[in-house]
Amino acid sequence: MVRTSQGAGGRSATRTVADAGTAVPEPARRSSRRGFLAAAGAAAVAPYAITSTALGNASTPPASDRIVMGGIGIGNMGSGDQAAFLNRPDVQYVAVCDVRQKWREDAKGRVDGKYGNADCAAYVDFRDLLGRTDIDAVHVATPDHWHAIMTIAACRAGKDVYLQKPETLTLREGPLMVDAARRYGRVVSGGSQRVLDDYREIVHPCWAGEIGAIRSVDISVGGPSMPCSLPALPTPPDIDWELWLGPAPWAPYNPGRCDGNYGTGGNSWRSYLDYSGGSLTDWGAHHFGGAIFATDLRELQPAKVTYHAASADGKQAAYVTVTYPNGVDIHHNRPQQLRPATPSLTHGGAIQIVGDGQPRGPKPVPAYRGQGGIYGDFLECVKTRERPFRDIELAVNTMTAPHMIGIAYRLERSLAWDAAAQRFTDDEEANRLLDRGRREPWML
Amino acid sequence: MAHDPASLDELFASLQAFDWGGDATALREIDAAVIAAHGDAAVRADLEKRLSALLGGSCPRAAKDYACRKLAVIGTAASVPALAAFLPDREHSHMARFALQQISATEAAAALRKALGDLQGDLKIGMISSLAGRGDAASVPLLAALVRGEPRIAVAAAEALGRIRTDEALQALAAAADVADPAVAAAVADARLAGAEAQLRHGRRPEALATYRALAEATAGGTTPSAKAVRLAATRGILACLDTMAAS
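These protein sequence lines map, in sequence, to chains V and E. In terms of the working numbering, the first sequence has 183 at position 183, counting the first letter as 1, and numbering is strictly consecutive. In terms of the working numbering, the second sequence has 502 at position 58, counting the first letter as 1, and numbering is strictly consecutive.
Chain V extracted, bound-state conformation (with noise of 0.2 Å):
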């Protein structure tokens, strides 16, 4: 891969030929592999097999010129987003990641399947992942409590980083990972896929000015996490308990408990407290997502949170208004009978927009740089150096609020956010659950 001066991060290249019989010797580094044969004579490299994939065709990059990348957590997600990297004919895959024998084996075939060899590396500790240097980014689908400091350690080491939503689990974590992805110049994306393509039919219009001022949203998706208390069960063998657990409270190992499924009434970890925020930050983080792109409040977060209580009669459930500091509200599951008869604009059942009805001015829908999505905007801005899509500030700010609804669902009442503070103003209780501790020797 051709490397800014970060440096971190090599290619492929930095094994021998006999290792792989695939790369080039170490001097080919500053140069493009193909000069570099030039110049030393093919004699110097003639007792050596060099294919044609590292010297790159018409439709595959040089090796040199591919991002060298790993993944950690390859469960149903990570594996999807694996499958999206390891065709990429820009990206050299080497490395995967799982505490799990079962997916970290299936991960590695997968890619020596690509590659026709079995030269990809398995490891169970990311720490032994992200210690090698000629890793230029990850991508990281772990459960929500690792995101933060697997993110952290990331940037630290020198890789970018493509991290699926929700990209934090607290709202403490979310400026430190800016911070990390800032100072080390690092290229950090969330993982929302669909804020970009699902939406389509509430963002371009907004954009376009059709609706005028945006007034209000609703937003259809389920509560926040819950409490584990599932059985102790025998840990089996070809998991590592501990470092699935890591920062989160020690708990008895049980399936329900960490089980990938998208479930989040029980027995996932997207269910529980310790380990996510549930549908409301999970599904939460595409509809959130998506509401807040539409509305064009990615660079806001909210400042006040209102919470409706239950009535009386048990007919009309709890709900929570996030607004915004130009006065937007966003409400968390509405009852019907409150919303707006005509919204301006649907996304299925999922998310009702208000304007004021007055068409304003176009503006230019952000989109993704390079190919293929997502992915391709997080590898196009790897090479660039812009900052992605859904840039880890703006998925930070995104988050703020589905964050602040469970807390608000959490203590059953309104709370007010200092946005420079990044704090609820006067309210000791909201601002213990502001972060949580990590087990040791996780710290964060």
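Derived by calculation from the structure, the hints in this document are not laboratory data. All values reported here derive from a predicted model rather than from experimental measurement. Treat the hints with caution; some may be incorrect.
As the list claims (entries may be wrong) - Some chain E residues well away from chain V (every beta-carbon gap over 10 Å; in silico):
| id | residue |
| --- | --- |
| 1 | ALA489 |
| 2 | LEU567 |
| 3 | ALA691 |
Said to hold, decoys possible - A few chain E positions that, by computed beta-carbon distances, are all more than 12 Å from chain V:
| id | residue |
| --- | --- |
| 4 | ALA457 |
| 5 | PRO585 |
| 6 | PRO650 |
| 7 | ALA677 |
As the list claims (entries may be wrong) - Stretch-level coverage of chain V by chain E, calculated; a stretch enters the list once three of its residues show a Cβ under 8 Å from a Cβ in chain E:
| id | stretch |
| --- | --- |
| 8 | 153 to 167 |
| 9 | 244 to 251 |
| 10 | 411 to 417 |
| 11 | 426 to 435 |
All residues carry an ideal CB built from backbone N, CA and C; glycine is no exception.
Using the hints provided, position chain E relative to the given structure of chain V.
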């Protein structure tokens, strides 16, 4: 829900017997009681007393885990002794520590600082983590003394100083700039960069610029990925300082 001591007696009796896989109904009702008691100091104090008392008894780990979680939300100085008693306990230390990390009372910080001195290994790192989470300025001398010690502890101490980032903390980090261990050196550099960023945000440009220049000079010629990363970050910082100068 009105405060009903008799009902709470029943709920806490159920909680005392709670283990993973058991009926969590009592726990959810205690959750509701805590929420309902917002703003009522007397009721909160009663709930806190019951939770603290449970820690001192013999009940399953899951029950004590729950008590610590609740004390993280409503705990005060009154709960510190019961929580501090668990800090040396390998099983319960982190849950007790999570509560002490959130309790604003100075007694909580004092308990963590004492345990920092008493404990070793991962438990010591845990205390460092929670003191950093509190932003505890009073722990800076203790943390500074650890930065030249055992590397795993030193890395944690450096990170904590970077989180606390008082002037004293940043001076301690600067004094540790020549530490030999590569992992510790990287942690010290990262913490100093974080400190410089905070200084720049608060308009303390000359101090930030001095730190960035020191880091850039210290890593000049360095070829390791860490040295290159720090040099690049320091260079960005210098440019940011100069931009600020130009703007002003």
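Against the structure, the hints:
1. ALA489: holds (15 Å)
2. LEU567: violated (6 Å)
3. ALA691: Non-interface label on E/ALA691 holds, nearest chain V Cβ at 18 Å vs cutoff 10 Å.
4. ALA457: At about 17 Å from chain V, E/ALA457 clears the 12 Å cut-off, so the statement holds.
5. PRO585: Holds: least Cβ distance 20 Å, greater than 12 Å.
6. PRO650: About 20 Å separates E/PRO650 from the closest Cβ of chain V, which puts it past 12 Å; holds.
7. ALA677: Non-interface label on E/ALA677 violated, nearest chain V Cβ at 5 Å vs cutoff 12 Å.
8. 153 to 167: With 3 residues closer than 8 Å to chain E, the stretch 153 to 167 of chain V meets the three-residue bar; holds.
9. 244 to 251: holds (count 3)
10. 411 to 417: holds (count 3)
11. 426 to 435: Result for this restraint: holds, n = 5.
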